[in-house]
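2 protein chains.
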Amino acid sequence: MKKIMLSWLALSATVVSFSASAQFAKPEDAIKYRKAAFTVTGAHFGRMGAMAQGRVPFDSKIATENAEIVATMAKLPWAAFGEGTDTGDTRAKSEIWSQNAKFKENSEKFQAESLKLVAAARGGREDAFKSAFNATAGTCKTCHDDFRGK
Amino acid sequence: MKKIMLSWLALSATVVSFSASAQFAKPEDAIKYRKAAFTVTGAHFGRMGAMAQGRVPFDSKIATENAEIVATMAKLPWAAFGEGTDTGDTRAKSEIWSQNAKFKENSEKFQAESLKLVAAARGGREDAFKSAFNATAGTCKTCHDDFRGK
Numbered sequence: 001m002k003k004i005m006l007s008w009l010a011l012s013a014t015v016v017s018f019s020a021s022a023q024f025a026k027p028e029d030a031i032k033y034r035k036a037a038f039t040v041t042g043a044h045f046g047r048m049g050a051m052a053q054g055r056v057p058f059d060s061k062i063a064t065e066n067a068e069i070v071a072t073m074a075k076l077p078w079a080a081f082g083e084g085t086d087t088g089d090t091r092a093k094s095e096i097w098s099q100n101a102k103f104k105e106n107s108e109k110f111q112a113e114s115l116k117l118v119a120a121a122r123g124g125r126e127d128a129f130k131s132a133f134n135a136t137a138g139t140c141k142t143c144h145d146d147f148r149g150k
Numbered sequence: 001m002k003k004i005m006l007s008w009l010a011l012s013a014t015v016v017s018f019s020a021s022a023q024f025a026k027p028e029d030a031i032k033y034r035k036a037a038f039t040v041t042g043a044h045f046g047r048m049g050a051m052a053q054g055r056v057p058f059d060s061k062i063a064t065e066n067a068e069i070v071a072t073m074a075k076l077p078w079a080a081f082g083e084g085t086d087t088g089d090t091r092a093k094s095e096i097w098s099q100n101a102k103f104k105e106n107s108e109k110f111q112a113e114s115l116k117l118v119a120a121a122r123g124g125r126e127d128a129f130k131s132a133f134n135a136t137a138g139t140c141k142t143c144h145d146d147f148r149g150k
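Residue numbers (our numbering), protein chains in the order written: chain A, 1 to 150; chain B, 1 to 150.
In isolation and in its complexed conformation, chain A is listed as follows (with noise of 0.2 Å):
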């Protein structure tokens, strides 16, 4: 009996492990590579803000490269907010798992927004560049205020 309990035990623990991180061998390892994807993220985003706040000139091949890279990143994160990643080194809040729905939806219009920015900073146009920036950094913002802590 005690035998078939500790198997089960080591069962259970296989299966809540797998589900907490997906792809991910540790927690830790999730949330270090979330951690990652959004240092990449922001490093490209913010190249494409010194365009948008007219620090930099507007520059679509720039800007379209940059564009690239973020769309590209901005589906990366979410699989890494599995079950069992919720403390350690992370600022995530847990309304990320109890609104769950909520952070997907955030997280689905992120990526969106992020396309529509490849194709406005193709496109050449400032104007539109601007405007797709200011929707794509809306979506960031928005996620941040209610899923991210201090």
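Hints are computed from structural coordinates only; laboratory data are not their basis. Fair warning: this is a prediction, and the values are worked out from it, not measured in the lab. Some hints could be false.
If chains are identical, the list can't say which one is meant, so a pair holds when it fits in one copy or spans any two.
In silico DSBU-like links for lysine-lysine, alpha-carbon gap of 35 Å or less [claimed, not checked]:
{"id": "1", "residue 1": "Lys150", "residue 2": "Lys102"}
{"id": "2", "residue 1": "Lys109", "residue 2": "Lys61"}
{"id": "3", "residue 1": "Lys141", "residue 2": "Lys102"}
{"id": "4", "residue 1": "Lys150", "residue 2": "Lys109"}
{"id": "5", "residue 1": "Lys26", "residue 2": "Lys61"}
{"id": "6", "residue 1": "Lys102", "residue 2": "Lys35"}
{"id": "7", "residue 1": "Lys130", "residue 2": "Lys26"}
{"id": "8", "residue 1": "Lys35", "residue 2": "Lys150"}
{"id": "9", "residue 1": "Lys104", "residue 2": "Lys26"}
{"id": "10", "residue 1": "Lys130", "residue 2": "Lys150"}
{"id": "11", "residue 1": "Lys141", "residue 2": "Lys93"}
{"id": "12", "residue 1": "Lys75", "residue 2": "Lys150"}
{"id": "13", "residue 1": "Lys93", "residue 2": "Lys109"}
{"id": "14", "residue 1": "Lys75", "residue 2": "Lys35"}
{"id": "15", "residue 1": "Lys130", "residue 2": "Lys141"}
Dock chain B against chain A, hints included.
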């Protein structure tokens, strides 16, 4: 004279700071960025490794998704190895700057092999995928051996 000297110092500092980290405000931002890019790269490369080593079944679609992310990420970290980013929270060896042509060559080999890996993953032949995976992994190892400290 003192005023001219101060202006010159301020200008020099600006120039150094600019060449130091190109598109990064501070050297530590560049270091954080390149480490983040490698973290994301490693996660997706690792998922292909599990297939290449037979720990999970080869799946062309999943391999292609991961290979495409790696090929995108492979372009990113190099701009963040500017002057002034050799110290701090980094394992970067001084050889990156003293043997910069070799470092650059390694980084270009990695980018080239990662593109071949996308093609092999998409092609759907497991043996070709494994071979391309190993060739890409070889470029990682060479560079880590020569340019990454403990």
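Hint check:
1. For the homomeric pair Lys150 and Lys102, the shortest alpha-carbon distance inside one copy (20 Å) is at most 35 Å, but the shortest distance between copies (42 Å) is not.
2. In this assembly of identical chains, Lys109 and Lys61 lie within 35 Å of each other by CA distance both inside one copy and across copies; the values are 24 Å within and 25 Å between.
3. With identical chains, the CA atoms of Lys141 and Lys102 are at most 35 Å apart within one copy only, with a shortest distance of 14 Å there and 42 Å across copies.
4. In this assembly of identical chains, the alpha carbons of Lys150 and Lys109 lie at most 35 Å apart only when taken from the same copy (23 Å versus 41 Å across copies).
5. Only between protomers do Lys26 and Lys61 lie at most 35 Å apart by alpha-carbon distance; the minimum there is 24 Å, versus 39 Å within a single protomer.
6. With identical chains, the CA atoms of Lys102 and Lys35 are at most 35 Å apart both within one copy (20 Å) and between copies (31 Å).
7. In this homomeric assembly, Lys130 and Lys26 come within 35 Å of each other (Cα to Cα) only across copies, at 26 Å, whereas the closest approach inside a single copy is 40 Å.
8. Within a single copy, Lys35 and Lys150 get their C-alpha atoms as close as 14 Å, and across copies as close as 23 Å, so both meet the 35 Å cut-off.
9. Within a single copy, Lys104 and Lys26 get their C-alpha atoms as close as 22 Å, and across copies as close as 33 Å, so both meet the 35 Å cut-off.
10. Taking the shortest Cα distances, Lys130 and Lys150 sit within 35 Å of each other inside one copy (28 Å), while across copies they are farther apart (44 Å).
11. For a Cα distance limit of 35 Å, the shortest separation of Lys141 from Lys93 inside one copy, 15 Å, qualifies, whereas the shortest one across copies, 38 Å, does not.
12. For the homomeric pair Lys75 and Lys150, the shortest alpha-carbon distances inside one copy (24 Å) and between copies (32 Å) are both at most 35 Å.
13. Taking identical chains as interchangeable, the C-alpha atoms of Lys93 and Lys109 lie at most 35 Å apart only when both belong to the same chain, with a minimum of 19 Å there against 41 Å between chains.
14. With identical chains, the CA atoms of Lys75 and Lys35 are at most 35 Å apart both within one copy (13 Å) and between copies (19 Å).
15. For a Cα distance limit of 35 Å, the shortest separation of Lys130 from Lys141 inside one copy, 16 Å, qualifies, whereas the shortest one across copies, 42 Å, does not.
When the structure is compared with the earlier hints, no violation turns up for any of them.
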